[in-house]
Amino acid sequence: MIAILLWELRQRKIAVLFWTLGSVLLSVVIMGLYPSIRDQAHQFNQVINQLPEGLRGLKTGGAGSVDVGDPVEFMNAQIFYATLPILWIILSITRGSSVLGKDEQNHTLELLLARPISRTHLLASKALSLFAEFIVVGGVTLIAIIAVAPAFDLHIGAGKLAMATLYTVLFSLSFGLIAFALTAATSLARRVASVAAVFLSFGSYIIASMSGLTHWLQNPAKLAPFHYFEPTKIMHGEAVTGLNIYLISVFVFALAVAWLGFRRRDIS
Amino acid sequence: MASGIIAEKLTKYYGHEKVAALDSLSFEVQPGEVYGYLGANGAGKSTTIRLLLNFLQPSSGTAQIAGLDIVKDSVEVKKRVGYLAGDVALYQKTTGRELLNYLATLQGGVDGTYRKTLEKRFEAEVDKPINTLSKGNRQKIGILQALMHQPNVLILDEPTSGLDPLMQEAFYDSIREASDRGTAVLMSSHNLDETQRVCDRIGIIKHGKLIREQLVSDISSLGVSTFSVTFRKHSAVDDIKKEKSLKLLEQTDSNAVKLQPTGDIAPMLAALSKYEIVAMKSQQGDLENEFLEFYGDDK
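For the record, the sequence lines run as chains A and B. Going by this note's numbering, 22 is the number at position 18 of the first sequence; the sequence numbering is gapless. Going by this note's numbering, 172 is the number at position 171 of the second sequence; the sequence numbering is gapless.
No lab work stands behind these hints, which were simulated from the structure alone. Worth double-checking, as some hints may not be accurate.
As the list claims (entries may be wrong) - For lysine-lysine, the following DSS-like pairs were computed, each having C-alpha atoms within a straight-line distance of at most 25 Å:
| # | chain 1 | residue 1 | chain 2 | residue 2 |
| --- | --- | --- | --- | --- |
| 1 | B | Lys136 | B | Lys121 |
| 2 | B | Lys259 | B | Lys243 |
| 3 | B | Lys275 | B | Lys243 |
| 4 | A | Lys106 | B | Lys242 |
| 5 | B | Lys19 | B | Lys207 |
| 6 | B | Lys243 | B | Lys282 |
| 7 | A | Lys17 | B | Lys94 |
| 8 | B | Lys10 | A | Lys17 |
| 9 | B | Lys207 | B | Lys234 |
| 10 | B | Lys10 | B | Lys207 |
| 11 | B | Lys282 | B | Lys242 |
| 12 | A | Lys106 | B | Lys243 |
| 13 | A | Lys17 | A | Lys106 |
| 14 | B | Lys136 | B | Lys94 |
| 15 | A | Lys106 | B | Lys94 |
Said to hold, decoys possible - Just so you have them, the derived chain B footprint on chain A, three or more residues with Cβ under 8 Å:
| # | region |
| --- | --- |
| 16 | 7–16 |
| 17 | 119–133 |
| 18 | 153–159 |
Beta carbons: idealized from backbone N, C-alpha and C, even for Gly.
The whole structure should be built from the sequences, with the hints applied where relevant.
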């Protein structure tokens, strides 16, 4: 398992470096805007809170009003609800659909399956490499956020930032795992699996964010994963039961589907 | 030593297709035997190989490799098998050495000295990125990964594709070496000369069914000879078409033909003696004739 994990990370080292740098730079640049935004918070809040609820929801996750002068709400609106999830969901879906799918498409999967390793072992190793990539990208981004936040007067606490980053990583990974399960279980083309996962993630983002504006979306929004993703609550140390249930369900279900499908199916 | 490959009524249907891609295939490859697996494109060769490696699940039937079931004992089977895919796919951005190190770690039991011997024998360019290598040099890396753990069973799909004649010789040496060690070799090939030269026995597959198995040594001794005959008069070509003791295979010139006896050679020679012959040459039966005998109608 370690051999496959190390091989995957070595193959991806340049890409992981760029994704990590991108996440860190974007987070640091956005945090750097906080002092000027805080100083003009009154005006910003007026502008944001006068936006139609749907547009405001895209930033706040459907919250009724927002105070961008508050460090937690700023981090929620600018980093944990919008920037990092969008960035990491793209990475997660791309990797989830290709970590096994690319090997199958390029026929290098045969090189691996011709070795004395079970399909379960291979599947677990590939899934682990997906997690490992996120541990690197998320871990380094978290260290940068914790290190830089106080310099911009974002005094939230390392523990709360760590929890928000961890949940953002897990939430983003959930969509990658759906793409992973689709390619592993069904030999569905990578592109199809990616489109399905993108549709689910960004569709749910739009639905959850717009639910405050459109009354009839409020019930369907309860089916959208983004509805349960509430970084503000996480940073305030409140329980996020809905999100926990969603994450556990997707992780267990996606890995089970991937395993049940992949262990006996024909390799195309 | 455990047996090589035994397939019993191996059958494969793809999806909801009603025609089997592989239909009740049974054959054996003994330890130390090199078995040539022949057939046209789409005949079922690759399906057989992919079933044996458990890349595909059989619809029915069973197979054993080294005494182990290919489905239930798939992991144990692969400790004993070396596999080379037709048009082998390799990771492009790594060097051959990095890839071989990786595969050796996954495989286990690779003798470093033997691996180096193979690298030297095949003059493999293991320190260059694979995406910079020619097809032949990539094929060498493919051959190395199949042979490096000295498996009990070798399953090779078009193994010499892209290799130059010198490297083909090196490959034949390696196959003989493995065969002498008791390795059972299943080798699919479109190169009939190569098959006749390297293999002990052949199996011909057509439309998913094994239609013929034969020792290669029997093909040259029992195979039907063909005769190239040049007549003095052009009219003889038309006249011999009426002779029942021979079969006209091809008119090679206005006064020259290639023909085959329909039974014993004597009646054919008696019939030919009626015509004025300028030249006559016989050709020993070979694998190509054997193959074309089954596939000629499909051309």
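Against the structure, the hints come out as follows:
1. B:Lys136 <-> B:Lys121: Holds, at roughly 18 Å.
2. B:Lys259 <-> B:Lys243: Given pair B:Lys259, B:Lys243 holds - Cα atoms ~15 Å apart, limit 25 Å.
3. B:Lys275 <-> B:Lys243: holds (13 Å)
4. A:Lys106 <-> B:Lys242: Violated, at roughly 59 Å.
5. B:Lys19 <-> B:Lys207: With a Cα-Cα distance of about 17 Å, the restraint between B:Lys19 and B:Lys207 holds, given a limit of 25 Å.
6. B:Lys243 <-> B:Lys282: Satisfied, since the Cα-Cα distance of roughly 21 Å is no more than 25 Å.
7. A:Lys17 <-> B:Lys94: Holds, at roughly 12 Å.
8. B:Lys10 <-> A:Lys17: violated (47 Å)
9. B:Lys207 <-> B:Lys234: Status violated; Cα separation ~41 Å.
10. B:Lys10 <-> B:Lys207: holds (15 Å)
11. B:Lys282 <-> B:Lys242: This hinted pair holds, its Cα atoms lying about 19 Å apart.
12. A:Lys106 <-> B:Lys243: violated (62 Å)
13. A:Lys17 <-> A:Lys106: Holds, at about 17 Å.
14. B:Lys136 <-> B:Lys94: holds (15 Å)
15. A:Lys106 <-> B:Lys94: holds (14 Å)
16. 7–16: This one holds; 4 residues, not fewer than the three required, reach chain B with a Cβ under 8 Å.
17. 119–133: With 4 residues close enough to chain B, the hint holds.
18. 153–159: violated (count 0)
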